[in-house]
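Colleague: Listed below, chain by chain, are the residues.
There are 2 protein chains.
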Amino acid sequence: MKKYNFNAGPSILPREVIENTAKQILDFNGSGLSLAEISHRAKDFQPVVDEAVALIKELLKVPEGYSVLFLGGGASLEFCMIPYNFLIKKAGYLNTGTWAKKALKEAKLFGEAVEVASSADAGYTFYPKDYECPTDLDYLHITTNNTIYGTEIRKEPEVPVRLIGDMSSDIFSRPIDVAKYDCIYAGAQKNLAMAGVTLIIVKDDCLGKAPRQIPTMLDYRTHVEKGSMFNTPPVVPIYCALETLRWIKAQGGVEEMARRAEARAKVLYDEIDRNKLFRGTVEKDSRSLMNICFVMNDEYKDLEKPFFEYATQRGMVGIKGHRSVGGFRASCYNAMPMEGVEALVKCMQDFEKEH
Amino acid sequence: MKKYNFNAGPSILPREVIENTAKQILDFNGSGLSLAEISHRAKDFQPVVDEAVALIKELLKVPEGYSVLFLGGGASLEFCMIPYNFLIKKAGYLNTGTWAKKALKEAKLFGEAVEVASSADAGYTFYPKDYECPTDLDYLHITTNNTIYGTEIRKEPEVPVRLIGDMSSDIFSRPIDVAKYDCIYAGAQKNLAMAGVTLIIVKDDCLGKAPRQIPTMLDYRTHVEKGSMFNTPPVVPIYCALETLRWIKAQGGVEEMARRAEARAKVLYDEIDRNKLFRGTVEKDSRSLMNICFVMNDEYKDLEKPFFEYATQRGMVGIKGHRSVGGFRASCYNAMPMEGVEALVKCMQDFEKEH
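Chains as they are written, first to last, in UniProt numbering: chain A, 1 to 355; chain B, 1 to 355.
Excised from the complex, chain A in its bound form (with noise of 0.2 Å):
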């Protein structure tokens, strides 16, 4: 039975993509080598490493002046060195949920550090808009989409202070002004690569002004000047991206990308408005394209655990919610085909006739 890989990350990469980076694993562009036992010194990986970078520039039109790395440790580590490169005096953070909470509580670690705007007492179903940006923050960090609780912001926030974004779980879905930016960073695991590597997007003139010593490998003009090879990076895992990156250019770019996933969510949220089971869990004007999320409506509480074992049962995978949420969760990333979001509403729908 065909599969369709809903979960949240770890999650769906396109098929050429595994299947170019286990042949790569086995013999890397023939040299009689695995991918997985090359030097990263090699003369054949520099390439790959190149090849990424300018893809990355390319597809996200990444201005003059910004550097991209490969970095190791996942985007949590991101959380402590976003404040030890970039906090001065004042750090603004839009509280959005789970991992937003998490990247605020270490900038507290390194200075004053405050939550511009929250959604936690509406259990952060919605992304805040019409709030107070204090103007003296020397970034205000925002988490553009929401993982756990479905929420996104499809498109950067008019504030009158530079920006530091969390995109672990949204970036290469749609175009972003990386001008706004100082820095953007990405766990790879949802819409770029296997997990093990980190994407930073960093404004070079922006580094070096904190006023502290930043352990070598937290301080980013480390891997700036050396090309991301600082020491050993995480090979293969940037590899897989460098898969990923030439898959999205073939199929037309990030803006493609963007009408895939406004196609995929309408289909799925226009299902879950409709079918008298389910309701969405977000407000409308917040409600992620990435991680679609719906509960059971209370009349139908008793349902939740038969129909997620129906649709596991017709090929849908880890499509149960995170824990603090409940009911489900559809991530449709990149890589999730019309064809798997399709499915899963035909479950609904024949679920809803059978009930």
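Take these hints with a grain of salt, some might be off.
When chains are identical, the list treats them as one kind, so a pair holds in a single copy or across two.
As the list claims (entries may be wrong) - Computed list of lysine-lysine pairs in DSS-like fashion (alpha-carbon distance at most 27 Å, straight line): (1) Lys105 <-> Lys209; (2) Lys226 <-> Lys101; (3) Lys102 <-> Lys43; (4) Lys3 <-> Lys43; (5) Lys226 <-> Lys105; (6) Lys209 <-> Lys108; (7) Lys346 <-> Lys226.
Because the hints were derived from the structure by calculation, they are not lab data.
Mind docking chain B on chain A? Use the hints.
Modeller: The following block gives chain B in isolation, referenced to the frame of chain A:
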């Protein structure tokens, strides 16, 4: 032509590790999903981590009271995590080469950190032995194998303080006395796995004593409490480590790895000592069994490049010495078959006959 991978890292892995990892990337446990796209919370992945941890405890005879962790970021990130977590008043470091020096540099950001002994003046050509170790150290940090200079200490030093060991390039190549260490860490990309994961073995009751606030991701307690699942771990590199650990066990454990390493090193060092063209760069009792460094004798200096080309044409890969030492370095990690060393020795002998 058969190639022999003498790269210093990332480096040779057993062929079955490579093939099994590639296979799981195509289809993980027959699930229809790729290892690269499954959730780290999937019920199929927890057994991977559990088995890997259990094998490490078994192979290295890890005593009770230690935790085994898989983190991202590489051993270089540990250089700052060690003092963050363990430096209370004063730490000691053996300066045995480039990586040891880098580790000491990071410790100095956090408090008093002293060089207890050094072989820097001798170009790191020996492993320090008869030094006075202060008794008031929180820990003595040692780099058990120096990848660049080719020195190794194959037994824990007799010192009156607790040890912390960077074992990136010789872990699993011999039995170790874990009980003498508060922490052992190792980048995976030599004897364990593809690059992208760091192994940590830490004594639980040593944590939480350092007098400073530690960012969440840099606090070992975070990862101990969550069993390496605080954030998304590097799934594929961890799986690759599991495959290698299974292989080591099947081959006869670290005792057998030690026997093979000694046998390989004897064959190669004997040839270096015998062959009129070459000489070793390291004092005999400090010679590494993992990274075997040698240069052309002075009267044959101009044969360096020709020998490199000669050996490369005959399938030797990655034997160029590190730029700080020059000459040649044949890294002979666990997966290097005796056949590879014999092929290199044959190259050296045939080349000698021609000159």
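Colleague: Hint by hint, note whether the structure agrees.
Modeller: Verification of the hints:
Taking CA atoms no more than 27 Å apart as the test, Lys105 paired with Lys209 passes in both settings, with 21 Å inside one copy and 21 Å between copies. In the homo-oligomer, the alpha carbons of Lys226 and Lys101 lie at most 27 Å apart only across protomers (18 Å), although the nearest pairing inside one protomer, at 32 Å, exceeds that limit. Taking the shortest alpha-carbon separations for Lys102 and Lys43, only the inter-copy value of 26 Å comes in at or below 27 Å, while the best intra-copy value is 39 Å. In the homo-oligomer, the alpha carbons of Lys3 and Lys43 lie at most 27 Å apart only across protomers (17 Å), although the nearest pairing inside one protomer, at 39 Å, exceeds that limit.
Taking the shortest Cα distances, Lys226 and Lys105 sit within 27 Å of each other only across copies (18 Å), while inside one copy they are farther apart (30 Å). Taking the shortest Cα distances, Lys209 and Lys108 sit within 27 Å of each other both inside one copy (18 Å) and across copies (21 Å). Taking CA atoms no more than 27 Å apart as the test, Lys346 paired with Lys226 passes in neither setting, with 51 Å inside one copy and 38 Å between copies.
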